[in-house]
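All chains should be built: construct the whole structure from the sequences, respecting the hints.
2 protein chains.
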Amino acid sequence: MDNYSKIDSYLDKNLDQSIEELSKLAAQPSVAAQNLGLVECAELVAQMLTLRGFSVDITPTEGAPVVFAERKGRVDKTLLFYNHYDVQPAEPLELWDSPPFEPTLRDGKLYARGVSDDKAHITSRLFAIDALLDDSGELPCNIKFIIEGEEEVSSIHLHNYVINNREKLSADGCIWEFGSVDHREVPMQYLGLRGICYVELSVETASIDVHSGIGGSIFPNAAWRLTWALSTLKGPDERIRIPGHYDNVLPPSQRDKALMEALPEVAEEYKSRYGVEKFLHDIDGGLPLRLAEVFEPTCTICGITSGYQGPGSKTVLPARASAKVDFRLVPNQTPEQVLKNLRLHLDAEGFSDVQITYLGGEAPARTDPDDPFVDLVVKTAEPVYGVPMQKVPLIGGSGPNYVFVHHLNVPVATAGIGYPGTRAHAPNENIRLDLYLKGAKHIARILKEFSISTS
Amino acid sequence: MDNYSKIDSYLDKNLDQSIEELSKLAAQPSVAAQNLGLVECAELVAQMLTLRGFSVDITPTEGAPVVFAERKGRVDKTLLFYNHYDVQPAEPLELWDSPPFEPTLRDGKLYARGVSDDKAHITSRLFAIDALLDDSGELPCNIKFIIEGEEEVSSIHLHNYVINNREKLSADGCIWEFGSVDHREVPMQYLGLRGICYVELSVETASIDVHSGIGGSIFPNAAWRLTWALSTLKGPDERIRIPGHYDNVLPPSQRDKALMEALPEVAEEYKSRYGVEKFLHDIDGGLPLRLAEVFEPTCTICGITSGYQGPGSKTVLPARASAKVDFRLVPNQTPEQVLKNLRLHLDAEGFSDVQITYLGGEAPARTDPDDPFVDLVVKTAEPVYGVPMQKVPLIGGSGPNYVFVHHLNVPVATAGIGYPGTRAHAPNENIRLDLYLKGAKHIARILKEFSISTS
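Keeping their order, the protein sequence lines are chains A and B. So that you can map any letter, position 399 of the first sequence is 399 in this note's numbering, and since no number is skipped, the others follow by simple counting. So that you can map any letter, position 247 of the second sequence is 247 in this note's numbering, and since no number is skipped, the others follow by simple counting.
Mixed in with the good hints, there may be bad ones.
Since the list gives no way to pick one copy over another, a pair counts as held whenever it fits inside one copy or between any two copies.
To be verified - Below, in silico cross-link-like pairs of lysine-lysine (BS3-like), each with a Cα-Cα straight-line distance of 25 Å or less: (1) K168 to K72; (2) K144 to K278; (3) K379 to K257; (4) K24 to K13; (5) K144 to K109.
If you're looking for bench data, these hints aren't it; they were derived computationally from the structure.
Next up, the structure:
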């Protein structure tokens with residue numbers, strides 16, 4: 001791992017220019033939830049890729065278009081970048097210190113909606129490519145990009161796109177859309193995402209609300225039906241009661257536990273950030289907390305709505321009630337299995353009146369922590385960050401990695417420019433320019449070492 | 001019961017004038033929930049009473065003022081009228097065919113907010129008094145009015161006013177604020193109201209919502225805590241599980257059952273009005289349905305709110321959750337007992353984290369269906385309505401009658417001008433002028449017969 005002085009020098013000198021390109025991208029609103037600027041942003045991303053000599057196609061879907069780009073390199077090995085050009089809604093606007101779609105530099109940070117999630121990841125990869133082209137006039141290996149526009153709305157159409165374009169997307173390694181250092185400035189290697197099955201449960205017991213003075217003892221009450229149905233899903237012992245729910249759960253391996261053991265303590269940070277006094281199951285912290293956080297399947301009520309919710313009292317018996325419920329899945333659970341078992345369970349418990357609406361899902365997926373591609377990404381981080389990258393076998397969040405890991409059969413690793421204060425999804429989202437530069441240097445090393453690795 | 005030709009003729013001739021007075025009263029907004037026009041309306045009501053030679057005082061409370069009025073009559077027996085000058089909010093305004101505070105005559109009906117509930121009841125009583133004064137120059141008996149301004153917000157300050165003015169309010173009989181004919185045009189005599197204990201249950205598990213990808217298996221979830229706590233209050237068998245809840249329940253007597261048996265069938269009307277297919281406990285209708293409707297204590301969830309309630313999915317673990325719960329009480333339950341048992345029960349079930357906020361309550365109260373005063377009110381209805389008045393021992397709703405029945409020790413009966421299409425609390429609230437006239441004729445008869453009765 002030598003010969004990076006020219007590449008690093010290029011990156012050091014041209015940072016401003018790359019930030020300018022990033023600013024142009026971040027100034028283009030592209031809010032998937034509001035169908036705002038998606039086509040324009042896809043075209044802007046496509047232009048940036050075309051400029052680097054990539055052949056690009058934009059495929060419309062029923063939602064946002066998918067951008068695919070490809071350029072051959074010196075060695076016939078292929079690295080695939082998965083990214084997304086869509087961003088979260090900018091609201092609440094009044095909490096931004098500068099307008100969300102007017103990228104603004106302050107104190108070594110660039111502020112804008114979507115700058116971290118995920119636009120700086122896109123341009124930092126392009127910046128690394130610029131440095132490699134400057135270095136040798138060619139790419140060290142084949143590079144493919146798949147950049148979708150619906151990541152913030154559950155990647156609704158990505159699954160089918162990947163399944164239908166398996167050949168086109170084939171690769172030997174994949175760099176995921178995000179990556180970050182933690183609060184110690186240690187770069188983290190996230191190797192798996194939990195799955196998710198998100199449903200809405202709803203009940204309707206009458207066509208209109210009934211006065212509670214009339215109905216309380218003779219009419220069915222939608223709020224009660226929902227309460228009782230929910231209480232059959234999980235009890236105060238936190239055990240999910242749906243038969244078969246745990247059947248396919250793989251417990252963490254010894255290797256997983258060792259990696260989790262090495263991670264820093266989170267208990268005090270969680271307590272102070274969220275204002276909680278204690279964790280479930282009387283867990284204090286340490287390894288048990290970290291294992292429970294990601295290796296336990298969950299059933300979370302995300303919201304409930306029924307009847308009168310204003311101030312004071314209103315004597316009404318609700319005709320309708322609904323709840324949003326989020327199941328986080330661990331290997332090898334699947335959303336299809338959860339949905340099927342949930343319906344069977346509700347019917348068996350006498351709640352066939354409770355409707356299930358499937359609002360989205362992903363299967364969980366992990367890359368082997370000891371995959372040679374992972375080790376390459378980890379190894380190339382150290383000279384850039386000055387400390388070893390730390391492997392995390394699974395994180396609590398979800399994303400569309402299943403289709404990459406299990407349909408493209410490609411190892412997926414993370415490398416990126418995030419940090420704990422990046423405020424993704426929140427007002428004043430920002431990136432640190434020093435980490436942007438490090439991210440680009442890391443990507444340049446990944447590409448170059450990948451081209452000469454034997455794996 | 002003769003000698004009513006002069007009185008009836010006066011009422012027939014002066015209906016327009018009384019409707020004009022009612023229109024003036026209904027044109028004065030007096031919305032307790034919005035603290036709108038209450039003092040002005042109290043003064044208007046006081047003026048109307050002063051005009052009839054009543055001595056009137058207006059007592060401020062921490063809420064709306066209470067109007068009290070008194071005038072002596074020929075015989076030293078006292079009849080007390082309980083009424084209220086406040087009205088429900090007029091919203092939604094767009095559903096009114098004429099503005100809610102511009103009383104409008106159409107097809108023999110007067111439309112305005114509060115015209116039926118309760119302003120026409122006030123002026124129809126005054127109209128009857130006018131006819132009696134025209135007839136003999138004096139009142140047949142002493143008459144007192146207590147007219148509050150907070151009936152639509154649970155009569156918050158009435159209880160203490162009555163307790164503190166027991167002597168002033170003492171009477172031999174009380175006519176309640178409402179009364180009506182049913183869909184057969186049969187006048188109904190409502191002899192009891194259920195009690196109520198209305199609470200809000202709330203839980204807070206963190207200072208801010210947590211991402212469900214992080215928190216699902218390690219953080220307490222307010223929505224789950226609330227769901228589990230609620231499910232301990234009542235199960236799908238509809239039996240309330242709070243220990244002691246049924247201890248003081250008096251089952252209906254044989255006399256109650258006989259009166260309920262005589263009432264018309266409601267099953268088909270309820271099914272079509274509310275769009276329900278079946279009632280609880282597989283009851284089809286008939287006496288079992290009517291008994292269950294009013295003689296069973298209830299525990300009704302009126303509303304639940306927690307977390308994300310918008311369209312689509314949001315992966316959040318709610319820090320807060322709350323539910324409004326309405327217990328309807330039958331004799332001899334009390335709201336104090338319910339509150340105390342509820343706290344003990346939640347603590348015993350492990351839910352001391354669930355806060356209880358008391359939003360209001362009334363104890364149930366009934367007048368003996370065979371009280372001579374009730375029989376007088378019933379008997380005097382028949383010559384006016386042409387059919388016998390029908391006794392209803394208890395209705396499902398609640399109101400502040402307990403303090404009259406059990407602190408003033410006065411029998412309470414109903415007589416009024418309502419009908420099934422009166423749309424109280426809804427847009428296009430209205431009264432029928434023919435029933436307004438009948439109501440006044442009935443009140444005139446009650447007052448005159450009461451003065452000469454031996455009870």
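Original post:
Which hints from the list above does the structure break, by number from lowest to highest?
Top reply: 2 and 5
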